[in-house]
Amino acid sequence: MKLSDRTVRFAFKPIVFVASLMPLVYLVWAALTGNLSANPLSDLTNETGVWTLRFVCITLALTPLRKFTGWNGFIKFRRMAGLYAFFYGTLHLLTYAIADRFAGLEQASGLVEAIAMGRLPAAVLVASTARAMATSIGEDIYKRPFITLGFVAWLTMLPLAITSTAGWIRRLGGKRWNRLHRLVYVTGILGPLHYWWLVKADVSRPMAYAAAVAVLLGVRVYWSRARRAAVPVRLTIHA
Amino acid sequence: MLIKRAADLRSSDITDRKAYLNRREFLAAAAATAAVATGVLGTEALVYAATPAPHGRKLENVKKSPFGADEKLNKWEEITTYNNFYEFGIDKDSPSMFARNLKTEPWTVGIDGECAKRGNMPLEDILKGETLEERIYRHRCVEAWSMVIPWVGFPLANLIKKCEPTSKARYVEFTTFFDTKQMSARTSAIRYPYVEGLRLDEAMHPLTIMAVGLYGEVIPNQDGAPMRLVVPWKYGFKHIKSISKIRFVEKQPLNTWQDQASSEYGFYANVNPSVNHPRWSQATERRIGEFLRRKTLMFNGYGDQVANLYTGMDLKRNF
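Line by line, the protein sequences give chains A and B.
Mapping of the first sequence onto the numbering used here: residues 1 to 239, in sequence order.
Mapping of the second sequence onto the numbering used here: residues 1 to 319, in sequence order.
Read the hints as simulated data drawn from the structure, not as lab findings.
Please note: incorrect hints may appear among the correct ones.
[To be verified] Derived coverage of chain B by chain A (criterion: at least 3 residues anywhere in the stretch with Cβ under 8 Å from a Cβ of chain A; other residues may be distant):
#1 86 to 95
#2 282 to 294
[Unchecked claim] The calculated label-pair distances, taken between Cβ atoms and stated as ranges, are:
#3 B:Phe291 with A:Ile15: 51 to 59 Å
#4 B:Leu254 with A:Gly174: 26 to 34 Å
#5 A:Leu217 with B:Gly119: 58 to 66 Å
#6 B:Gln305 with A:Pro121: 35 to 43 Å
#7 B:His55 with A:Thr69: 53 to 61 Å
#8 B:Glu77 with A:Ile15: 48 to 56 Å
#9 B:Thr284 with A:Leu183: 53 to 61 Å
#10 B:Pro106 with A:Val186: 36 to 44 Å
#11 B:Thr51 with A:Ala31: 27 to 35 Å
#12 A:Ala114 with B:Thr284: 16 to 24 Å
#13 A:Leu125 with B:Leu315: 44 to 52 Å
The beta-carbon is built from N, C-alpha and C at its ideal position, and this holds for glycine as well.
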């Protein structure tokens, strides 16, 4: 494929950027117009989770795609895809924190009431709510294994998002940066497991993501073995 | 102008024969990746296609009942688009899309086991002589959401008396109708047909009803037409829908979800905020339509009426 850097940078990238925002645009629109189910908060949590998994898969697919097609341009979208995975993952974490944790707190009603009436909630209330939130989320991460997995999966993306800039690549050096960013393989494994653990029955959906990640990581294992095999070995003469 | 001289190709830069031959495998892997990617992106539809059930026939002579929750009712749209009825698919909106294919007339219920009146009982015979009552109950799903639903039905005790159970009958086992032609179930989800059970005294309790209506109309298919169980102090999965078989048995029946995952779902399934599901807390619930979560009540708030059924029982073990 012959595409100039300019085309990629000024046409392709903005298009992909906007397209990647569409799931969020749709969800916000659907939530505001009553086009989600009777339990919209649960839909928002589920959908942001699913889109996180999709972007993790897309991120992991770009390097193999580049090798298969020979078009190096794919690599220019890797950072964006990875950051979108982090973006949707963070939205997922936030919807969980608000809809599942905050909404279940004793203090929540007071806070919501104050905001609904248009006055600032008392600082004491805000502080006690924040404390209760931290405890509530902490306990949940500790007690429920699938939450633990999900939270760890999000944590693995955090340093990658922070160090995604050119400055950080320079600071860390290409080799170390590359090694650090292999953490995304862990994200790829934990994400589908988190989903798998959550479903009540019929694991076909989490299985689809697990299978995708398995193929994408499997390809890498295959390459690294092929690379090792290709390294010329000193001849040894067997007596 | 300085023109950099291209580095000479080293022998190691030449694609070796092995890697070249591997390209074919690479392409196979690429095809697999593409297939998997399509699968991943296509398995879950983002669009919610739920449509509320069309309104059914009005039920005649429905009497108001003293049993009921004095709470704001959930809407018809909510009750008929947010359902767990796996025979029609595992998404909450699947039943609203596919349940219309279920043929509920004529309907017979097979009566079997430890009772005198074994055989097929047409629904008309079951309803003969029954005064339908409106029962407004809280409905608490094991997934930690809840609704307030105006059912129309009759006490299950009346139907049980009609069947004349013998002294050996200690439990009642219910089975949901199952027909792959009318139901779009994915066979991999859970084992069908769906089975539930109650202890005989739970089944005879005045709060336990067979519901045949909703909001004064014939019950929509997605909510378990033509007849479904309602046991308001138990989690929703006990409320078996579209019942086609009732069997009186001596031993405790193995209900579907217990069979599916016995560490997560028990036989009793009484609503109990102090016994968590292994994967989520049962302390609070989201009432559909509300943002703030409510505290879940012991026996879903029906403790005064039903707690005596379980005196002396360890409800942590018998969850």
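Note whether the CB distance of B:Phe291 and A:Ile15 lies within 51 to 59 Å or breaks it.
-> Violated, at about 36 Å.
Using the C-beta atoms of A:Leu125 and B:Leu315, is the stated range 44 to 52 Å upheld?
-> Violated: the Cβ-Cβ distance is about 36 Å, outside 44 to 52 Å.
Taking the CB of B:Gln305 and the CB of A:Pro121, does the distance hold inside 35 to 43 Å?
-> holds (40 Å)
How does the coverage statement for the region 282 to 294 of chain B fare against chain A, requiring three or more residues with Cβ below 8 Å from a Cβ of that chain?
-> holds (count 8)
So does B:Glu77 sit 48 to 56 Å from A:Ile15, Cβ to Cβ?
-> Given range 48 to 56 Å: violated, Cβ gap about 38 Å.
Take the region 86 to 95 of chain B, compare each residue's beta carbon with every beta carbon of chain A, and decide whether three or more fall closer than 8 Å.
-> Our answer is that it holds, as 4 residues pass the Cβ test (under 8 Å) against chain A, meeting three.
Lying within 26 to 34 Å: is that true of the beta-carbon distance B:Leu254 to A:Gly174?
-> 60 Å Cβ-Cβ, so the 26 to 34 Å window is violated.
Take a look at whether the Cβ-Cβ distance between B:Pro106 and A:Val186 falls inside 36 to 44 Å.
-> Between B:Pro106 and A:Val186, where Cβ atoms are some 58 Å apart, the hint is violated.
Could one say that the CB atoms of B:Thr284 and A:Leu183 fall in the range 53 to 61 Å?
-> Since the Cβ atoms of B:Thr284 and A:Leu183 sit about 34 Å apart, the hinted range of 53 to 61 Å is violated.
Pairwise beta carbon distance, A:Leu217 to B:Gly119, judged against the given window 58 to 66 Å = holds (59 Å)
Can you let me know if the beta-carbon spacing of B:Thr51 and A:Ala31 is within 27 to 35 Å?
-> violated (19 Å)
Status of the given 53 to 61 Å range, CB of A:Thr69 versus CB of B:His55 = holds (55 Å)
When the structure is compared with the earlier hints, violations turn up for hints 3, 4, 8, 9, 10, 11 and 13 and for no others.
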